[in-house]
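> Residue-level listing of the chains:
Protein chains: 2
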Amino acid sequence: MSPIRVGLLGIGTVGSGTFNVLKRNQEEIRRRAGRGIEITMVADLDVARAQALVGDGVLVVDDARKVVASPDIDIVIELIGGYGIAKALVLEAIESGKHVVTANKALLAVHGTEIFAAAQRKGVMVAFEAAVAGGIPIIKALREGLSANSIQWIAGIINGTTNFILSEMRDKGLDFDVVLKEAQKLGYAEADPTFDIEGVDAAHKATLMSAIAFGIPVQFDKAYVEGITSLAAQDIRYAEQLGYRIKLLGITKRVAGGIELRVHPSLIPAKRLLANVEGAMNAVVVHGDAVGTTLYYGKGAGSEPTASAVIADLVDISRLHTADPEHRVPHLAFQPDEMSDLAIVPMSEIVTSYYLRLNVADEAGVLASVTGILAEAGISIDAVLQREADEVGGEGSTQTDLIILTHDCVEAKMNEAIAQMQALPTVLAPITRIRKEELA
Amino acid sequence: MSPIRVGLLGIGTVGSGTFNVLKRNQEEIRRRAGRGIEITMVADLDVARAQALVGDGVLVVDDARKVVASPDIDIVIELIGGYGIAKALVLEAIESGKHVVTANKALLAVHGTEIFAAAQRKGVMVAFEAAVAGGIPIIKALREGLSANSIQWIAGIINGTTNFILSEMRDKGLDFDVVLKEAQKLGYAEADPTFDIEGVDAAHKATLMSAIAFGIPVQFDKAYVEGITSLAAQDIRYAEQLGYRIKLLGITKRVAGGIELRVHPSLIPAKRLLANVEGAMNAVVVHGDAVGTTLYYGKGAGSEPTASAVIADLVDISRLHTADPEHRVPHLAFQPDEMSDLAIVPMSEIVTSYYLRLNVADEAGVLASVTGILAEAGISIDAVLQREADEVGGEGSTQTDLIILTHDCVEAKMNEAIAQMQALPTVLAPITRIRKEELA
Chain A
1 MSPIRVGLLG
11 IGTVGSGTFN
21 VLKRNQEEIR
31 RRAGRGIEIT
41 MVADLDVARA
51 QALVGDGVLV
61 VDDARKVVAS
71 PDIDIVIELI
81 GGYGIAKALV
91 LEAIESGKHV
101 VTANKALLAV
111 HGTEIFAAAQ
121 RKGVMVAFEA
131 AVAGGIPIIK
141 ALREGLSANS
151 IQWIAGIING
161 TTNFILSEMR
171 DKGLDFDVVL
181 KEAQKLGYAE
191 ADPTFDIEGV
201 DAAHKATLMS
211 AIAFGIPVQF
221 DKAYVEGITS
231 LAAQDIRYAE
241 QLGYRIKLLG
251 ITKRVAGGIE
261 LRVHPSLIPA
271 KRLLANVEGA
281 MNAVVVHGDA
291 VGTTLYYGKG
301 AGSEPTASAV
311 IADLVDISRL
321 HTADPEHRVP
331 HLAFQPDEMS
341 DLAIVPMSEI
351 VTSYYLRLNV
361 ADEAGVLASV
371 TGILAEAGIS
381 IDAVLQREAD
391 EVGGEGSTQT
401 DLIILTHDCV
411 EAKMNEAIAQ
421 MQALPTVLAP
431 ITRIRKEELA
Chain B
1001 MSPIRVGLLG
1011 IGTVGSGTFN
1021 VLKRNQEEIR
1031 RRAGRGIEIT
1041 MVADLDVARA
1051 QALVGDGVLV
1061 VDDARKVVAS
1071 PDIDIVIELI
1081 GGYGIAKALV
1091 LEAIESGKHV
1101 VTANKALLAV
1111 HGTEIFAAAQ
1121 RKGVMVAFEA
1131 AVAGGIPIIK
1141 ALREGLSANS
1151 IQWIAGIING
1161 TTNFILSEMR
1171 DKGLDFDVVL
1181 KEAQKLGYAE
1191 ADPTFDIEGV
1201 DAAHKATLMS
1211 AIAFGIPVQF
1221 DKAYVEGITS
1231 LAAQDIRYAE
1241 QLGYRIKLLG
1251 ITKRVAGGIE
1261 LRVHPSLIPA
1271 KRLLANVEGA
1281 MNAVVVHGDA
1291 VGTTLYYGKG
1301 AGSEPTASAV
1311 IADLVDISRL
1321 HTADPEHRVP
1331 HLAFQPDEMS
1341 DLAIVPMSEI
1351 VTSYYLRLNV
1361 ADEAGVLASV
1371 TGILAEAGIS
1381 IDAVLQREAD
1391 EVGGEGSTQT
1401 DLIILTHDCV
1411 EAKMNEAIAQ
1421 MQALPTVLAP
1431 ITRIRKEELA
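Each protein sequence line maps, in turn, to chains A and B. Per the working numbering, residue 1 is the first one in the first sequence, and the count goes up by one each step. Per the working numbering, residue 1001 is the first one in the second sequence, and the count goes up by one each step.
It is worth saying that the hints were derived from the structure and are not from the lab. There could be a bad hint or two in this list.
As the list claims (entries may be wrong) - Okay, derived cross-link-like pairs now, DSS-like style, lysine-lysine, Cα gap no bigger than 25 Å in a straight line:
#1 LYS1271(B) - LYS1172(B)
#2 LYS1172(B) - LYS271(A)
#3 LYS1271(B) - LYS172(A)
#4 LYS87(A) - LYS222(A)
#5 LYS185(A) - LYS172(A)
#6 LYS271(A) - LYS172(A)
#7 LYS1185(B) - LYS1172(B)
#8 LYS1172(B) - LYS1122(B)
#9 LYS1271(B) - LYS271(A)
Stated by the list, open to error - Derived coverage of chain A by chain B (criterion: at least 3 residues anywhere in the stretch with Cβ under 8 Å from a Cβ of chain B; other residues may be distant):
#10 30-41
#11 148-155
#12 290-296
#13 324-336
#14 366-374
For each residue, glycine too, the CB sits at the ideal point set by N, CA and C.
Okay, chain A solo, but in the shape it has when bound (with noise of 0.2 Å):
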């Protein structure tokens, strides 16, 4: 049988991973898939670079419409990334007939549901493995291993550089700003690393599960997203010596008034293998209610990882495009007359528990004020722990931290309940909260 004929667009770190693999592992994948999967064509800007990379058998060109257009490409790959002019080639190639593999998490979290219907109109695929966790095959995991489940929740590391960060933060004891400018010399945080950062990488990612796993429509607009600009190496100390370590979790949970959709820091037990996921790894915890928790680790990024899921996309398709599209996996995992429409969950409407470090004036009375406001609504406290003034602000200092973990209380009682915390005028610097998720 004749292969695949595959274009791509793009060809940097992971396009050119995505052609090294194909080729060197082009046996096994053969054996694998029945037939062999090779890229054809290649559109860059760089001619003359990308013709350099995949060698004289290669058709390569500057314009991506060619590569779309052509009747002798049967899957493209669109690795572009952003919005523009990715989002118009997609739709032009579903247009065409052609299968669709995407890394490009942002244009799907934000145009899913146009991109999808389309395909379903025309009867091809838009897969996107490589989209979410790099190499980890979380989205097959999700949408085909635990389809038995009603899934209950997933909280995930899927941003490497954040953890990255976060890792070094607690093995050296450094601030944020400090570690970023490390993770930039070591290439593990881009030159303007703001979607990492705040959060926003992890956010499209998570609203991608969030959608696979309850079949609702991609949400992004309504994700809560918070970064890890803000923490302090205190935290993430005081954090270990309560038992917990802080990472950057993407969060998606059904609860009683719908989906719950949010990226911020958590404080999660150290002993929980997710807390024991270091450096740059991804790992994602799936919890549904007949397998119960299950976990997918391995890294979110890089050329050969992403390109490991972008091939596994090629060959799922070089199987199933011989099935009718009514019985093809749906593109967010329910069929799409069957989606639902849960809403997702304001961020006040949240229910979570809280870690709170409040700076204190070291002096009587405190502690009451602070836990009497807590008490007043109703929001009951787990641990506390109390700072000598000398070790934190240094000898004859007057000012302590005081740290408290609550147990789970809804997000607007807490925001109520620092607002009062705040204006106490022995609370002397902004009020630090940082969610905490048991995952149990």
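With the hints as your guide, set chain B onto chain A.
Okay, now just chain B, sitting in the frame of chain A:
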């Protein structure tokens, strides 16, 4: 579209879990699969009990052959277990053109070649996600999720009973026999635990994973199998002091001479995620050339976790059965005419590192003679831990424990060196040898 009609052979723990989850999540599963999936016929020797479990709407028979032969059944789930009747029924189901889902690792590890060939001839699927690591979708990850990779090695905790026993031995410092009795009381070990504690169950699963990872036929008879019955509490303690934990691992590895396939207790670095998989949980580490190291974690047994895998297979079949048979996912990941004849390497030829515990006379020259033998054999030493005689044998003791960690060497050389050390008059008891895997 009319529902897929499923016949269930054997309604014990997993069978009733499958029935219950299919019923509880029927709407969600139908929304995913695009059509209903219903158990319409059950075979069980205890008809009355089975009928009480499934209610009046389901036909219950005592003769499994009636299900296998029924024209009203599309997919047969085999949950009888064992080789005899189960094998005959699976083959009959295939002959009558039915797809089969089974959790029977023993059957497939031993008779898989015959069964998959029969399925291939008839154009039906034999799905077996539930046969390895229960609810963890590891077969799907290996066969589809990592299809881009040349898989290098797999190491898994794939037997919950033995992992529970080892976790308890470590936590409580107890010996094997004591913990086994406790595990039996708690239902974590069967009345006859032989298959679990002798490593046979893990070897069945490792055999299936090796076939899928490397495209070789199932070869359970070539697997090296060693259980945990001779592990002593002090070895777990010494390993801990050296920074390792002891786990029963199923290992399969691509090496120059072919494929390693072995199950035995192994020291692994305590900081690895795999070392922190506790209790009855399972986890599998897969290392691919492109993706690097990935890990999959979850419950490896139990009613609903296993049902989760059985039902995922039902959904897969309901999707894939419209694809032409040449393009479905091959049973063993590689197309049947593209299997490899790589040989399973004999145990004497494997290369690994070792933990040795020698009970020796507490006198001058012992360490020199022992290390001399290792040096002579070209085996280099990574670490030595010599206990004070008092600590080991009590005050005034004249014997002590000598623990040695080695670097990599060929098993045959280690066998020879152990025989020579054992012959020393100062070595007072049989030498304990446990293999060590760095999993780096």
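> Please go over all the hints and tell whether each is borne out by the structure.
Verification of the supplied hints:
Among the hinted pairs, LYS1271(B) with LYS1172(B) is consistent with the structure: their alpha-carbon atoms are about 20 Å apart, no more than 25 Å. With a C-alpha separation of about 18 Å, the suggested pair LYS1172(B) and LYS271(A) falls inside the 25 Å cut-off, and the hint holds. A threshold of 25 Å between alpha carbons decides the hint, and for LYS1271(B) with LYS172(A) the separation of about 18 Å falls inside it, so the pair holds. Of the pairs offered as hints, the one joining LYS87(A) and LYS222(A) holds, with about 21 Å between alpha carbons and a cut-off of 25 Å not exceeded.
Note on LYS185(A) and LYS172(A): the hinted pairing holds, with a Cα-Cα distance of about 17 Å set against a maximum of 25 Å. About 20 Å separates the Cα atoms of LYS271(A) and LYS172(A), which keeps this hinted pair within 25 Å; it holds. For the proposed pair LYS1185(B) and LYS1172(B), the alpha carbon gap of about 17 Å is at most 25 Å, so the pair holds. A C-alpha spacing of about 53 Å is found between LYS1172(B) and LYS1122(B), which places the hinted pair above 25 Å, so the restraint is violated.
Taken as a hint, the LYS1271(B) and LYS271(A) pair is honoured in the structure, with Cα atoms around 12 Å apart against an allowance of 25 Å. With 5 residues having a Cβ less than 8 Å from any Cβ of chain B, the stretch 30-41 of chain A passes the three-residue criterion, so the hint holds. Restraint check on the stretch 148-155 of chain A versus chain B: 3 residues with Cβ-Cβ distances below 8 Å, three needed, restraint holds. Against chain B, the stretch 290-296 of chain A contributes 7 residues with a C-beta closer than 8 Å to a partner C-beta. That satisfies the three-residue criterion, and the hint holds.
Only when three residues or more bring their CB closer than 8 Å to a CB of chain B does the claim for the stretch 324-336 of chain A stand; here the count is 9, and the claim holds. Proximity of the stretch 366-374 of chain A to chain B, defined as three or more residues with a beta carbon under 8 Å from a beta carbon of that chain, is not established by the 0 residues found.
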